[in-house]
Amino acid sequence: MVSVIGSMFHHGDSKNITLTLNQALMRFDAQKCLQQGTYTAVEAYGGEARLHYNSSGYIYELIWGGTWSLFSTGNTSYLGYVTDNFRAAEAEEAMSEQGVFCWNNKLTASAVLLTSLRYFHELGYPYDVVSGSSSIRLICS
1 MVSVIGSMFH
11 HGDSKNITLT
21 LNQALMRFDA
31 QKCLQQGTYT
41 AVEAYGGEAR
51 LHYNSSGYIY
61 ELIWGGTWSL
71 FSTGNTSYLG
81 YVTDNFRAAE
91 AEEAMSEQGV
101 FCWNNKLTAS
111 AVLLTSLRYF
121 HELGYPYDVV
131 SGSSSIRLIC
141 S
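The opening residue of the sequence shown carries number 1 in UniProt numbering; numbering runs sequentially from there.
Since the hints were made in silico from the structure, they are not lab data.
C-beta: ideal position from N, C-alpha, C; glycine also.
Each hint should be verified, as a subset may be incorrect.
Said to hold, decoys possible - Restraint ranges, calculated between C-beta atoms of paired labels, are given here:
no.: 1; residue 1: Val112; residue 2: Asn75; range: 19 to 29 Å
no.: 2; residue 1: Gln23; residue 2: Glu92; range: 38 to 48 Å
no.: 3; residue 1: Asn22; residue 2: Glu97; range: 26 to 36 Å
no.: 4; residue 1: Ser116; residue 2: Gly80; range: 34 to 44 Å
no.: 5; residue 1: Glu97; residue 2: Ala30; range: 23 to 33 Å
no.: 6; residue 1: Ile17; residue 2: Gly80; range: 23 to 33 Å
When you get a sec, could you build the whole thing from the sequences and use the hints?
Shown next, in the form of structure tokens:
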């Protein structure tokens with residue numbers, strides 16, 4: 001949802017931008033506190049999806065959302081969340097999805113955004129550690 005706000009910024013609808021951003025940030029903050037699992041393990045969310053897709057978990061979406069929340073607000077607490085969870089997400093990432101852009105795993109896409117942060121802004125420790133490994137990972141892909 002946070003990434004949708006980017007297109008609204010382009011069109012300049014400030015009332016809807018503020019409303020949508022606040023809603024997205026509230027949802028992100030609420031979701032990151034919940035026990036994590038997979039979409040397809042919950043019958044209400046993934047009962048039928050299970051036949052076509054085996055969700056790998058929420059962590060990739062939360063990192064993606066946290067990265068866009070950082071870009072949308074400039075609030076470094078979101079960068080802290082992304083930094084704290086990026087390594088764990090890398091450890092869970094399937095070998096077949098490493099360095100691949102796909103809707104099941106947004107880690108590579110998040111790494112692109114973090115890499116742009118590294119090249120255009122001085123993040124400092126500890127943030128430069130995660131964004132640095134993101135840069136190397138992308139360059140080697």
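Verification of the hints:
no. : hint                          : result
1   : Val112 with Asn75: 19 to 29 Å : 20 Å, holds
2   : Gln23 with Glu92: 38 to 48 Å  : 28 Å, violated
3   : Asn22 with Glu97: 26 to 36 Å  : 32 Å, holds
4   : Ser116 with Gly80: 34 to 44 Å : 18 Å, violated
5   : Glu97 with Ala30: 23 to 33 Å  : 27 Å, holds
6   : Ile17 with Gly80: 23 to 33 Å  : 24 Å, holds
When the structure is compared with the earlier hints, violations turn up for hints 2 and 4 and for no others.
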